[in-house]
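2 protein chains.
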Amino acid sequence: MYKLNKKDKKMRNLEVCLSPALVDLHELEGKIVVVIDILRATSCITAGLATGVEKIVPVATIEETLSYRQKGFLVAGERNGKKIEGFDLGNSPFNYMARECQGKSVVITTTNGTQAIKKSLPAKEIIIGSFLNLSAIVKYLQHKQEDIVLFCAGWKNRFNMEDTLFAGAVAEQLAQEVEMNCDASLAARQLFLQAREDIAGFLQNSSHVKRLGRLNGAEDVQFCSKIDKFDIVPILQGNEILPHLPYKG
Amino acid sequence: MYKLNKKDKKMRNLEVCLSPALVDLHELEGKIVVVIDILRATSCITAGLATGVEKIVPVATIEETLSYRQKGFLVAGERNGKKIEGFDLGNSPFNYMARECQGKSVVITTTNGTQAIKKSLPAKEIIIGSFLNLSAIVKYLQHKQEDIVLFCAGWKNRFNMEDTLFAGAVAEQLAQEVEMNCDASLAARQLFLQAREDIAGFLQNSSHVKRLGRLNGAEDVQFCSKIDKFDIVPILQGNEILPHLPYKG
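Chains as they are written, first to last, in our numbering: chain A, 1 to 249; chain B, 1 to 249.
Hints are supplied without guarantee of correctness; some may be wrong.
All copies of an identical chain are treated as equivalent in the list; a pair is satisfied when it fits inside any one copy or across any two copies.
Unchecked claim - DSS-like mimics (lysine-lysine), calculated; alpha carbons at most 30 Å apart, straight line: (1) LYS229 / LYS156; (2) LYS156 / LYS124; (3) LYS10 / LYS156; (4) LYS210 / LYS10; (5) LYS10 / LYS82; (6) LYS124 / LYS226; (7) LYS119 / LYS156; (8) LYS229 / LYS104; (9) LYS210 / LYS144; (10) LYS119 / LYS229; (11) LYS156 / LYS118; (12) LYS229 / LYS83; (13) LYS82 / LYS104; (14) LYS124 / LYS82; (15) LYS55 / LYS118; (16) LYS83 / LYS119; (17) LYS156 / LYS226; (18) LYS226 / LYS71; (19) LYS144 / LYS83.
Calculated directly from the structure, the hints in this document are not laboratory data.
The whole structure should be built from the sequences, with the hints applied where relevant.
The structure is reproduced here in structure tokens:
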């Protein structure tokens, strides 16, 4: 008989994928993927579903988005950070929390976030993460057994800072319970530890915050940097993202 | 007449490419690329050329490497961190500093480093960076006008920590003189600032150091983490890497 220590116990694995261009390096089958697009798709989805939107359908193309209009959906999305002409909603979380979205279904297409969701489809389960629901995501993952991939949507396949910081926040909170063998998780965690006292401030020099600054998105950045404003976990079921309360298991 | 300030002056651009899988996102034409494979190809090349190796030819395949034997080259390389059977040298910098390498030509193939050199070929100039010649690299870049891409060779297309730290070290030293608009350069710089007091210690948890630990590479890691042991800049000229003294312009 010997004492079981941490090394003997097989721990779940956690990996961080820093860009959609690197996702082929990660096996997704059988795993839970957390899709991360802090500025702003996954923050919008979280804010919307937490405040009354019934469901959100992510689609890849503008054409596909428009085909949902006749089904009574609100049509939402952006390209290059700007609302698509003729759409009901853009990509600001405030759009999704507005009174006219209550009880509605929304179809959304974005430059990076919805594409990352599509690339995650081989996974066993796909959930949507943002600073707005950080603790809910962590608790949900703690109730599961599967290996975890934190999938940063990035910006047009480039590494980005805000998604990486969020991946680092999740990695930091799960550090005692998971095995992390990839340097991306190590880097994400280190960067989060540097940024944790002031996420929005740390992001001031990041490329996407500068881009949004030019598009008058400063309020969005402040809002999307808030931790634990909501306690839902958005989960992809079929082709719909629905809200889920993690404490209900 | 107005005073020229920093904002008016067009500054050179510096980008960091975190993985060979992301290199297509960077335009290399007309730029200087610094190829970085700290553990261990670019450290070996630097150490060898600084201590008497005449030239080093990087090639992609084992077959191509062997074809150089009849031309009198020492044959060097690794796959998956291990010396290739029958080769004269592996991928430890100590191999390249040995007496039998003095005045010799070496042909080298490695898992990541030589592949990154091949992918850099569209660039105007390709130089080889490592902690061992950090200041020489920085001074060389300061004497040039071209935009800069710091190209991390990574590990089989994955992000890795040691190459990113070195990119961060260069970015930090050039911060006042270049424009950095990509989040990868921001992240690399932040990580370097955290690691700078003890590079080898910081790398203890990284995936490649663990891998080398299993392959008895601890001495190599210590050596490859030393800053400014040599003052040469290895430069690719044709298909050969030759040593260059930066102070001579």
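Against the structure, the hints come out as follows:
In this homomeric assembly, LYS229 and LYS156 come within 30 Å of each other (Cα to Cα) only inside a single copy, at 28 Å, whereas the closest approach across copies is 39 Å. Taking the closest pair of Cα atoms, LYS156 and LYS124 come within 30 Å of each other both inside a single copy (25 Å) and across two copies (25 Å). Taking CA atoms no more than 30 Å apart as the test, LYS10 paired with LYS156 passes between copies only; the shortest distance there is 25 Å, against 36 Å inside one copy. In the homo-oligomer, the alpha carbons of LYS210 and LYS10 lie at most 30 Å apart only across protomers (18 Å), although the nearest pairing inside one protomer, at 43 Å, exceeds that limit.
For the homomeric pair LYS10 and LYS82, the shortest alpha-carbon distance between copies (28 Å) is at most 30 Å, but the shortest distance inside one copy (46 Å) is not. For a Cα distance limit of 30 Å, the shortest separation of LYS124 from LYS226 inside one copy, 29 Å, qualifies, whereas the shortest one across copies, 44 Å, does not. Taking CA atoms no more than 30 Å apart as the test, LYS119 paired with LYS156 passes in both settings, with 14 Å inside one copy and 21 Å between copies. In the homo-oligomer, the alpha carbons of LYS229 and LYS104 lie at most 30 Å apart inside one protomer (21 Å), although the nearest pairing across protomers, at 65 Å, exceeds that limit.
Within a single copy, LYS210 and LYS144 get their C-alpha atoms only as close as 37 Å, which misses the 30 Å cut-off; across copies the closest is 28 Å, which meets it. In the homo-oligomer, the alpha carbons of LYS119 and LYS229 lie at most 30 Å apart inside one protomer (28 Å), although the nearest pairing across protomers, at 45 Å, exceeds that limit. For the identical chains of this complex, LYS156 and LYS118 are neighbours both inside a copy (14 Å) and across copies (24 Å), given an alpha-carbon limit of 30 Å. Taking the shortest alpha-carbon separations for LYS229 and LYS83, only the intra-copy value of 24 Å comes in at or below 30 Å, while the best inter-copy value is 53 Å.
In this assembly of identical chains, LYS82 and LYS104 lie within 30 Å of each other by CA distance solely inside one copy; the values are 22 Å within and 59 Å between copies. Within a single copy, LYS124 and LYS82 get their C-alpha atoms no closer than 32 Å, and across copies no closer than 36 Å, so neither meets the 30 Å cut-off. In this homomeric assembly, LYS55 and LYS118 come within 30 Å of each other (Cα to Cα) only inside a single copy, at 17 Å, whereas the closest approach across copies is 48 Å. With identical chains, the CA atoms of LYS83 and LYS119 are at most 30 Å apart within one copy only, with a shortest distance of 23 Å there and 37 Å across copies.
Taking the shortest Cα distances, LYS156 and LYS226 sit within 30 Å of each other inside one copy (24 Å), while across copies they are farther apart (36 Å). Neither within a single protomer nor between protomers do LYS226 and LYS71 lie at most 30 Å apart by alpha-carbon distance, with minima of 34 Å and 64 Å respectively. With identical chains, the CA atoms of LYS144 and LYS83 are never at most 30 Å apart, being 36 Å at best within one copy and 42 Å at best between copies.
This entry does not satisfy hints 14, 18 and 19, going by the numbered hints stated previously.
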